[in-house]
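Novice: Next come the chains, spelled out residue by residue.
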Amino acid sequence: MREMDSALDLQKELPEGRVLAVRGLTKDFTMHLVDGRVAHALKGVDLEVEQGEHVALAGPSGAGKSTLLRCVYRTYLTTSGAIGLRTSTGAVVDLATMPDWDVAMLRGREIGYVSQFLRAEPRRPVIEIVARAGIARGMERGEALDAAAVALRRVGIDEALWPVHATVLSGGQKQRVNIAAGTISPPRLLLLDEPVSALDPVNRVSVLDLIAGLREQGVAVLSVFHDLEAIEMLATRVVVVEGGRVAADGDPHEVLRANHGLAVAR
Amino acid sequence: MTTLSAELTERSVEQLAGDAAPRDIFDELSKRAVRRALLTAIAVPGYQVPFSSREMPVARGWGSGGLQATLALIGADDNVKVIDQGEDAGVNATNLRRLIVGNAGCGEETETGLADVIQSRHRIPEEPLKDGQTLVLQVPVPEPLRGVVGSMDEQRRMHAEGDYAKMWVRLYEDIVRNGVVSHSADYPCLVNGRYVIAPSPIPRFDVPKLNDSEALVVLSAGREKRIYAIPPHTRVEPLTFEDVPFTVEHTEGAACVFCGSDDTYLIGVPEEDGTTRWVCSDTDWCSRHRPDDDTETETEGEVSR
Amino acid sequence: MSLTLHERAQYAGAPLASPAPAPAWTLSVRGLGKIYGDTSEESIAGTGPEFGTAVSPNTGAIVAAWGVDLDVAPGEALGVIGESGSGKSTVLRCIAGDEPATAGEMLFTDHGGSTERLDQLSPTERRRMRISDISVVYQDPALGLTMDVSAGGNVADPLTAAGWRNFGRIRSRATELLQRTEVPIARMDHPVKAFSGGMKQRVQIAKSLANDPSLLLLDEPTTGLDASVAAGVLDLMRGLLEETNVAAIVVSHDFSVIEMLTTRVIVMQHGRVVEAGLTDQLLEDPQHPYSQQLVAAARG
Amino acid sequence: MTTTRTLTYGETIRRIGRAPEDSQRDYRRLIDVLGRPSRIAAIDTVDGVPPVIILAAGLADVDVTVAVLDEDWERPFFVATGATRTDITRAQHIIATQPLTVDQLTSLERGDALHPERGARVFAAVTGFGDAVDGADSTTLILSGPGNDGEARLSVDGLAPEFFDALAIANADFPAGIDLVLVAPDGRIAAIPRSSRISIEKPEKGA
Amino acid sequence: MGYSNAKGGEEAILAAEQLVRRGREAGSSPRLTLDQVTERLRLAVDRVMGEASLWSPGLASRAVRQAEGDQFEAMQLLRAHRSTLPRLAYSEPVEVAELRVLRRVSSAFRNPPGSQILGRTLDYVGRLLDLMPEQDHERYVAELEASVGHSHGHGHGHSHDGHTHGDHEHEHRVPENSATRDLVGELQAVAAESDDDRNPPRVMDLMRAMDLLVERRTGEDPEPYDVTRQPARPGAPRSAVLSMLARAETGALVHFWYKLRFDPRSAGHEIPGEVRHGWLPLRVNHPLTGNPVQVAEVRVTDVETYDDLDRPDEDRSRIDVGYGLCFGHNERKAIAMAGLDLAVHRDGNSSEVAQQVLITLDGVEANGFLEHLKLPHHVDFRSVIDRKQAIRALQTGTKPVAATDATPTPGNETQQIGALV
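Chains as they are written, first to last, in the numbering used here: chain A, 1 to 266; chain B, 1 to 305; chain C, 1 to 300; chain D, 1 to 207; chain E, 1 to 421.
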């Protein structure tokens, strides 16, 4: 088990303007219920995201893209390495080793996470789900409800659906509700895991515009898209992940061309 | 703990316990046991002090506790007044009085103001008591929590911790169900802001007389072997919610047929024709507040001494 | 089994170096233990997850819980999950004061900021805490309510214990709380023994909130209720936890309850804490074999 | 403040033991002052025997445990009353012809919330009740609680203020506590039940 | 000869019986005459009649004497004797309002209609042991006679039912204390005039007039449940409860009533409206004419008691009534009966209280079962030992002893328990 990076180095890794600095991130899964075998999902990843930058992770499915996002969001425990975050207060923290309670508080305030894997809360009206995200950001209840209305309109969720329980919505609608919740107010760091995969073309375009707009507001975005077109449209950098490692990191056009072999699931 | 009693061979019991008075029904040392218990009762107002209650020539439940307290207090130069349901001439009061006078050789009195020790069952005299007087109330059930919780250990814990929430819940339920607190006599009271007591089955009418009283009030339960007290000038409040005033027994328009009083505790005497004749329960007070020209009953003036 | 970088104190129940600095915990528990029978050191050995039993081979004593650490902050709900016999309810009863702990320190800070060592309080003081500082909602309503007393009367109990002496105000506070927990006001004066299981839990919840406690302990609040009733009670509970700043500990064997109400959770097996983590992390990335077993059973 | 004993042993014994009518009269005065803290009454004295012994003797018998803190009067007291002797920390009645020290006071049995009746009863001899001309050895107590309409004052000579501070502490967690009976040489008595709240009136001139 | 040996047993029993018979006659004092039992131990006689549920002072006094004062034995003797008597007829229902009162007091009202009639009672007599030397007895009786002055005639003096002139009380006027004279009103300490019809109005009528009572009358008049013909079981009607209470053992009734006072549900206590002791006429239909003819008078005690209904499920504006009636002068039994009649009514006639009242309070049954423990149980005990040894064998890991070859108990022939000769 590598000596844990002291917070001090992270300080160096996270100069002003840089929001996220992943250093030597590895993630293993030990499946006791099978026979205790170990799957090495990430084998040492280094990655940064600056303020206002949109880094898109590309690569074949199963390469560890979603795993990386979940380690950043701390849904997965990091096996080794550090996930440095410079918060809006300028403090530098390591999301990998931070105590649970602090992570819970920080997530609410600073990190947006939109993923199709998120299970919608049972028996919760749409407006309530989005407003909860606002409250977690620190808004008062009234303010949060207003912000939720704005966010929902922005992703084209009709007012008639607001009191409806999210669980009964279609995949696309749920995804848009998640996006509304994740972006109710510009988070410090936005994690997007296939945010538009289930959307029809019209909604897809409006969501992509929304994401693009966030970047201009200084939000650091780390995303996973299978949709190359979206990557080209949004990403300021593309990181190709293969076999749990970073295979390429650079300008979207160059990287995509060089890795045209990327299978793109339409 | 060695005892020197071994040196007492030559001293007869009499010197120790005083000469057995010919009519003695309660030995001197038992009086001292009651006195010691009463000292604690006065020092811890409202706490039921356990004491070595002994059987008396009256049955348990008929005033054996009150008798022991009175006999422990009364002296030959005292006057005793004994009433039952407010009456000196009640058969039970008469029996107790002659036992006390017989034993203590004290004077007997029916006028409340002239009595040093007043033993009573279920009533507090109408005449306000004075400094130096002692009221002894006979108590059938000393434990106010008996109807609230069954376990005696839990009752003791509630008293020890001053945790009377369950009692208040009963009052709440009572009001909710009946619109009024339906607890009649023996209304639970808070003494000195600390202990809830059963004031003995006096009517609610008498409960306010216990508050800030000039006299010492001694409550003695012979059968259940508990004695407790309310020292003079001690706060005694009936348990009621702030916004549910404590009401006393009152019948509109009822007045005593003998003395005309309408602000003393009256009892209804049913007539054959279905009407009710109201009379004072405190017979002595009543006899002293009659209009002089009351012709209906010839007042024989001097009351028997 | 290779331990991740996070072989930190939270894993395998080793005590944290010091209470996490960040928040002023409502409750901080260190080394909580409860042994039924011979409470000497000898009883500990041979018990715990590694030995698959809580019964001490040496002394036959039952080490229901040992070395349990947990913290819960105001406004947060901490989950405690494990199968029956794991010691989760024992931990809750020791915190509630229903049972004296054999070992451990319990530091309690109410929302006024005053701090007490619960494990050093006398039974009398412990009972006084239960009036307006720590409330419990029991799985069996009979433990939390007086069955012959009305719903309103049961809510009035902690109010009168806290010194409320105005009937009107008590009644309106009881009405407000019962309305908040969706108990039909028309029935507030009926004895609770006539209420359904779900309704009894709602009365219990109303009673538990009567004096704005700093810590709310929920012992399997919806176990034994049929699904739709349980759902209603859970929604109510979720709403209340979000509205108030109360710290809560939710004991359950049911992951859906834990997932819905809590942000963090500890997993207990044979009296020990085998894992602690964020609720979503435990569901998505359980570390300890037993945790994986529980998640697999719950999630399939 | 022990009187030099000029009485024969037998005579002393006879004088200590109170006749029923005497102990009854003493008792009525005792509960008068116990029921009204700060009130002063008087019991009939007996030549040659300190009144504190007389008052306590009237309440003593084999069923009460007593500690007499006075070598001279200890044996006669027990012979006269048949009371059960025990040490100060377990006695129900303590008879002190000399001022009790604070340590002695704090060592007394105070009972507890479940058994207040186990709290000790102290019969303490004092030199007087605020009679000293210059008030030198006098402590004025402010008493409130049951028996008093508001506050009442009681001046006690012969017991140090620290004693009363200790008493206030001993009686702080009412209903546990100690009841104090004060007896002056001329037979005057006063009492401070544990239900009374005690504070000491600071003398105006200096410490 | 064994406790259970056929032949030997008979000899032992006969020997024991001889001891009992000779014991009864031993001693220097003269034989107790039946009149002495009825006159000097009249309350013992009354109590046995009540508990044997057979009105016959003569037979009851025989039972008390034969039982040497043992209450349970006397009750057993009278009950067994009762079984030898054929039941010839059923009396007409007795109207308790016709009770000719010897004594009648009310706790609920100071001046009940018809006034308090104190009559003969120990209630206010100093309960002190009378240490008067025997030789002063003559003089004491003479003084008693003198103080009576005129003595009332009293009609029902026929001796067979044990009443002699001693039953009346001398005039005891209330003290001339004017303050109380007019207010106590008509307190009559005098016994009811035996011949004029002492029949004061019922307090029940007064209570009905005040419309405070729970209405328990159902309009029908069902045949009373006869507990001697049909054993009473929980759920039985009130008449079964009342008759079981009437036959119950006084001590059991008192203790069961007292026990209920400590249960929060019944902590409060009822207030007797009327306690009466007096004579009730007994009528049967004449076999020829068919109209009722009075054949006897029975002395009874009856009590009507009122309770303030204070339970959540009860109508708090109403008062409930309990009733108890038993043979002879036994006020504590009648008061307890009335209280338990109420308790059964309030808890329901198949409640736990009802079961205990119906099943556990009969003296003959309870004592019989208790004393049956003296019967030989060695067969069952042997079996108990056998199981203990089997379990012990398992605990100590010794070879499990097969049931059949269990080692017999030490000294396996039954112990010799000869009658105490």
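No lab work stands behind these hints: they were computed from the structure. Do not rely on the hints blindly, as some may be mistaken.
[Unchecked claim] Here are a few chain D residues that sit away from chain B, every Cβ distance over 10 Å (derived from the structure):
1. L59
2. D61
3. L114
4. D137
5. D149
6. S199
[Stated by the list, open to error] Using 27 Å as the maximum straight-line C-alpha spacing, the simulated DSS-like pairs for lysine-lysine come out as follows:
7. B:K166 <-> B:K225
8. B:K225 <-> E:K259
9. E:K388 <-> E:K374
10. E:K7 <-> E:K259
11. B:K209 <-> B:K225
12. E:K374 <-> B:K166
13. B:K209 <-> B:K130
14. A:K12 <-> A:K43
15. B:K166 <-> C:K193
[Claimed, not checked] Partner residues are not named here, just some residues of chain A that face chain C (Cβ under 10 Å, in silico):
16. K27
17. V55
18. V103
19. R107
20. Q116
21. R137
22. R141
23. A160
24. W162
25. V168
Quick caveat: nothing in here was measured; it's all calculated off a predicted structure. Built from N, CA and C at the ideal position, the CB exists for glycine as well.
Novice: Taking each numbered hint in turn, which are not upheld by the structure, reported in ascending numerical order?
Specialist: 1, 2, 3, 5, 10, 12, 17, 20, 21, 23, 24 and 25
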